[in-house]
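Asks: Each chain is listed here by its residues.
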Amino acid sequence: MTTGASATGALSAPLVVEFPFTRSLGPVQSAFLTGLRERTVLGVTAADGRTLVPPVEYDPVTAQELRTLVEVEPTGTVTTWTWNPAPRRGQPLARPFAWVLVRLDGADSALLHALDAPGGPASVRTGMRVRIRWAAERHGAITDIACFEPLDAGPADEDPPTAQPRPHDGEFADPVTGITAPARLDYTYTPGRAQSRFLAALRDRRTLGERCPACRKVYVPPRGACPTCGVATDEQVELGPAGTVTTFCVVNIKAKGLDIEVPYVYGHIALDGAGLALHGRIAGIPYDEVRMGLRVEPVWTEDSRYPDHYRPTGEPDADYESYKELL
Amino acid sequence: MSDDRPNGAAGAGGSREVAVVAFAQSDHVRRADGLSEAEMLLPVVREVLDRTGLDTERLGFVCSGSSDYLAGRPFSFTMALDAVGAWPPVSESHVEMDGAWALYEAWVKLLTGEADTALVYSWGKSSGGDLPEVLTRTLDPYYLAPLWPDSVAVAGLQTRALLDAGITDERELAGVAARSRNAAAANPRAQLRSSPPPEELLADDYLAEPLRRHDLPPVTDGAAAVVLAAGDTARELCARPAWIRGMDHRIEAHSPGVRDLTDSPSTRLAAERAGLFDEGAPAPDTAELHAPFTAQEVILRRALRLGEDTVVNPSGGALAANPVMAAGLIRIGEAADRVLRGTSRRAVAHATSGPWLQHNLVAVVEADEAASAPGTDGGADAAQAREESR
Ligand SMILES: [Zn+2]
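Heads up: the protein sequence lines correspond to chains A and Z, in order.
Be aware that the first sequence starts at 1, since it is given in the working numbering, and climbs by one per residue.
Be aware that the second sequence starts at 1, since it is given in the working numbering, and climbs by one per residue.
The following block holds chain A by itself, in its conformation from the complex (with noise of 0.2 Å):
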């Protein structure tokens, strides 16, 4: 995916999103990632005496505080499923897969997984009975379970087993307490008309404005809309080159990987024809002589798509009238 302009000029342009999201766990969800990490599958005593896998800290009917765990079998049956032609990204497996709910031998709720089938969705039914295929490598964690696979037990299909979840203090030496997931989601970005048009004029070394139709404001960079008043802004304006230094700081504190000198002056310059200032760096003059009212114009760089810094124009500095409203 690269960069890109539609029919209608509009600009686009690949974005990613990447987390690593660490979570800290309860004691229940810690008890029960653990025990995936040791081969052991953990449920929890709900209210109502049914055993939760997998096991949830609060009670899904009464909220109340859930505490008593139990181990179940690593064996069950599925309870619902549906076929997966093209795994994403992330998923349990790389081949195509159903995904089920199974309720494991011992439970009374059901746990989402993957189930491996390689006689694919013809050899998946709601009933048949899986097993657990663990992880070569396991860190306490959900992935801890590779996958469903499909258990040969024949005509155990049809006369489940009757197993009871048997009491375990959840206690395991090096008990993980949180869990870090990566996720990366894959965006395109797409700024809008006014911005795209703003883009496509900078290639040009020209600065677009947008006036609104209601306030005769002009917006610079624009966003297609006035935000005072709520209503499109179509009409392009030309603005500068040359600007008005509203308001300016001196920079002592030099930014991490920028390639320049410190003290500088950044400050807010109001492009001739605009209705508000946008910022930018100043140059071209000692740091101390930067003034409000000082007249500047931009300086481009090689292949630059936006001007590196402003400098001094030599003209008279404006009339603190005339820009006193773009403050």
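In short, the hints are calculated from the structure, not lab data.
Here are the simulated distance ranges between beta carbons:
1) 114(Z) / 64(A): 30 to 40 Å
2) 308(A) / 53(Z): 41 to 51 Å
3) 204(Z) / 304(A): 46 to 56 Å
4) 199(Z) / 305(A): 55 to 65 Å
5) 305(Z) / 67(A): 38 to 48 Å
6) 33(Z) / 163(A): 55 to 65 Å
7) 235(A) / 88(Z): 21 to 31 Å
8) 200(Z) / 238(A): 53 to 63 Å
This one's a predicted model, so the numbers in the text were calculated from it and none came from an experiment.
All C-beta atoms in this analysis are idealised placements derived from N, C-alpha and C, irrespective of residue type, glycine included.
Since chain A is already given, all that's left is putting chain Z with the ligand on it; use the hints.
Replies: Using the frame of chain A, we list chain Z with the ligand on its own:
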């Protein structure tokens, strides 16, 4: 209006009455070509404000619903405020949910008397990402999200449970799909506006058994806006306010394995609290149900006890246009719009959130007593709409 519901609190039990006075929605499309969220939303917000003659200065409250996960950018909703014209400063709120819940918040605000009017809007621009994958992030982060079960997997498990229970069959589900999309022929805003007959749909291969393509909603970019008003203000702003007689929302357990996926007790309870089943109340003539997947309509019809007297999803529903985060608000808007246009006297709207219909909102909207008096043509139109949707 009846005040003898259980607890009475969920209905408009106080002295204030609140109505939907305007509804607008965008064209719903697979990809809103090159538009920013604000650009997509702006014409819709303008339409409801222009229709009611309100400007932001006269709006008592502004509330929106959306999800940053669709855009992939934090606080993306703040940009959408550009479409409102938030000056002078407005009283504003946002829910990271479907706009139906933004409407709920606004309704409560109006019931308390803190405002007389409210603008509610929501939008979903799903084209920026891979929607089924994005929706995996709504799941339990400990036991479900690490497995990345997408929205199609989630729907398939629920559909199979319903088929296994003998509550529906594939023929009925294909019928839901065909009826919805053919009904959308009368909805110029919808994305899918026709369907082959059920028999033809059933000849298709499975997309993800037991689901065929027709069981899934389209991926949609779209937006919607509603204006609410209280009491006499509502009567000033439109001829036939769609009075919200009651509204409630209820949520079920997080874990799918502890729930009966073939039923929706939370919908039933919300409907009871919203007054849908009030003694002596007539059956709704119209139902707008937020059922993105065909099997979910079957579950909701049963939970809401809808029979032959009720036209379901005359707009086409979420199967015809599914702008995530707006599709629930649109159900309320579509139901209310039929009251506003005089083609419905009593309608029920439903919105859902989360996997497997986890969280459900039900609203009952009605015409004024006067509008339902003999001699008006509302009933005839409703009957005709019923006929057309079959
Ligand atoms: Zn303006």
